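A.B. asks: Below are the chains, spelled out letter by letter.
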Amino acid sequence: MSFLHPEDKHPVPKVLRGWVLPVLLLALWWLAARFHWTNSPLLVPVDKVWDTAVEQVRSGELWIALEASLRRDLIGFAIGVSGGLAFGIAFGLSRLFERMIGPTFHTLKQISLFAWIPLLSVWFGLGDAAKVAFLSLAAFFPVVLNTFEGIRSVPGELIEAARVLKFNRRQWLFKLILPAASPSILAGIHLALIYAWLATLGAEYLLVSGKGIGNTMIDGRELFLMDLVIFGVIVVGFVGFALNWLAARLERRLLAWRGRSVAQF
Amino acid sequence: MSLAGTLDIQHLSKSYPVKNGDLSVLEDVTLTIEPGEFVSIVGSSGCGKSTLLRLIVGLEEDYQGQVLLDGQRIVGTSLRRGIVFQEHRLFPWLTVENNIQLGLLNADLTPGQKRQAVREHIALVGLEGFEKSYPHQLSGGMAQRVAIARALVSKPEILLLDEPFGALDALTRAYLQQELHRIWQAEGITMILVTHDVEEAIYLGDKVVVMEPRPGRIRRIVPVDLAHPRERAATAFAEVKQEVLKEFSGDSASLAEPPLRTDAVDPDQIRQWQFAI
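First to last, the protein sequences are chains A and B.
Letter by letter, the first sequence follows residues 0 to 264 in numbering that gives the first Met the number 0.
Letter by letter, the second sequence follows residues 0 to 276 in numbering that gives the first Met the number 0.
Think of the hints as simulated: they come from the structure by calculation, not from any bench.
Given the structure is predicted, the values throughout are model-derived calculations rather than measurements.
Beta carbons: idealized from backbone N, C-alpha and C, even for Gly.
Heads up, some of the hints might be wrong.
Straight-line alpha carbon distances no greater than 27 Å define the calculated DSS-like cross-link-like pairs of lysine-lysine that follow [to be verified]: (1) B:Lys131 x B:Lys154; (2) B:Lys131 x A:Lys165; (3) B:Lys240 x B:Lys206; (4) B:Lys154 x B:Lys206; (5) B:Lys113 x B:Lys131; (6) B:Lys154 x A:Lys165; (7) B:Lys206 x B:Lys245; (8) B:Lys240 x A:Lys174; (9) A:Lys174 x B:Lys206; (10) A:Lys210 x A:Lys47; (11) A:Lys165 x B:Lys113; (12) B:Lys113 x B:Lys154; (13) A:Lys174 x B:Lys131.
Okay, the calculated bits of chain B under chain A, using three or more residues with CB under 8 Å as the criterion [claimed, not checked]: (14) 68-79; (15) 90-96; (16) 117-125.
Have a look at the derived ranges for each label pair, beta carbon to beta carbon [said to hold, decoys possible]: (17) B:Ser138 x A:Ala255: 49 to 57 Å; (18) A:Ala114 x B:Ser138: 51 to 59 Å; (19) A:Phe173 x B:Gly187: 50 to 58 Å; (20) B:Leu104 x A:Ala114: 43 to 51 Å; (21) B:Leu104 x A:Gln109: 54 to 62 Å; (22) A:Asn243 x B:Ala185: 24 to 32 Å.
Given these sequences and hints, build the entire structure.
C.D. replies: Written out as C-alpha cells, the structure is:
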C-alpha cells in the first residue's frame, strides 16, 4: 500500500530534505541580486558575502573574533553550570535550603536576563568580566531549575528499593538520586549551553568593547558593510548549531540506558 | 547458605490516620512462620496483605503488637529480609549485573566474592548472557527474575514477594512459579508470597493464609499437604483449592471491595531522606 507512504517515492532523499529551504532561499537571493530586483544597498550579492568570508578567514580576523567569543562562552558556561549544579542539588536535597533561598531565587529568576546588564556593567565594567558574569547567569538558571526538578521527581518506587537495599547517604546520592535525575540535569545543561551562546552575542551587543563575533557584526553595521553582517549571522548560526549537535550527541550517549532518543532542542 | 529465622507475628495491628479518625488496615494478626517455610497469603483488595508484607520488610513502622524475627523486634529495613515487588523496581541506568550487585553494596565481602555471588545468582535465575543488558531491553518476566536475584544476592533469611508475577502473562507466570519453587528449594530460606491468585498460592505454599478485609484479619489458615511438584489438575489440588475458595464465597461482597491504596508510595517520602541540614 505504497500510496499510504508517499515518502517512499519522494524526489528528494530523506537526508537532503532539510537542505531544500536553504538552497531555495539562496537561489532566490542570488536571482534577486543578479537581476537587480531592487537597488537597495541592503541587498548585497551572494558572491560579495563569499568574498568577505574568504577575506575574514584568510586575514585571521574571523578566528580572533571567534576565539574571543567562544572562550567567554565556555568560561561563563562552566561557571554557570557548576554554580547551578551546586545550587540545584542543595535545593533538591535540603528542605531548609529550599525554604531559605527558594523564594529569593524564584523572584530573581523572573527578572529578564537583559535587565541584569546595567547592574553588571556597573559592577564589572564593560570588559570581559561583565560579559562572563552575564552569561554565567544565563547558564545558571536552567541548570538550577532542571536539577531541582530532576531530584524531586525521583520515583518513590526506587526510593523504597534503596531503603530495602540499605543504601547509606553517599550511595543514596550517587547511586540513586543523581543518576535518576541525570536526564533532567543533562537537559538543563543542554539548555544552559544554548542560553550561554545566545547571551554571548547579547553581551557583545550590549557591552560593546573588545573582540568577538558580535563585535564583528556591529562593526559591519556601523560601516554599512552588509556582507560582513550577513557573514556574521551565518557564523553565529553555525556555531550554535555545532554546539547543539555536540550536546545532543553527548546526551544521547550518556542516556543510552533509557533506550529511546532524548529530547532535541 | 544462611540459616533461616523464625518469624513471629503477634497481635499485630496497623492503622493510618485519615480525615476523621483512624483507618484500621490490620487487626490482631497473629502468625508464626517456621524457618524455611513457604507461606502464601491470599485475600481480596484492601485486606492489608501488602501492608503486612511492608511491615515485615520494615518499610512501614508505627504498629501495635509484635513482629519478631528470631525473638527480635523488626525495626527498619535489613539485608536479612529481601523483597520483590509487583514492579521490578530495577535501576534503569544499570545493567543486569550492576542491578544485582546493588544488593551487595553494603555486604561484608571482598570485590571478588561479590562478583562471584552476582555470577551465581545470575545463574540461579537463568539469565546467563544478559549480564550487560539494561532493564528496558528485558521482558517483564526477565526483569522480575533480575529483581529476585537482587533480593537474594545478599543471602537474606526471608524473601518477601508482593504479587511478583501479577503483571505477567499466564505462561510466563506459570513458568516463573516453577522457577520460584526451584529457587526456594535451592536456597532453603523462608518465603512469604502475597498474591490474589489462589492457584499460585496453593502451587507454592506450605500453607495458605486467607485474609479478609475491613479491617484486615486472618480468616483461616489452610495447610497444603501435597508433595512437590504439584499438579494443578490433580484431584487433591482441586480439593485444597475448593477449601480456600470456600472462604471467599461466604461473603462475596468482600471480593468486590474497592481497592484501598494504603500500600501506595508516599510521594513525600523523599523528604524523610533529605539531609538534615
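A.B. asks: List in ascending order the numbers of the hints, as given earlier, that are violated by the structure.
C.D. replies: 8, 9, 16, 17, 19, 21 and 22
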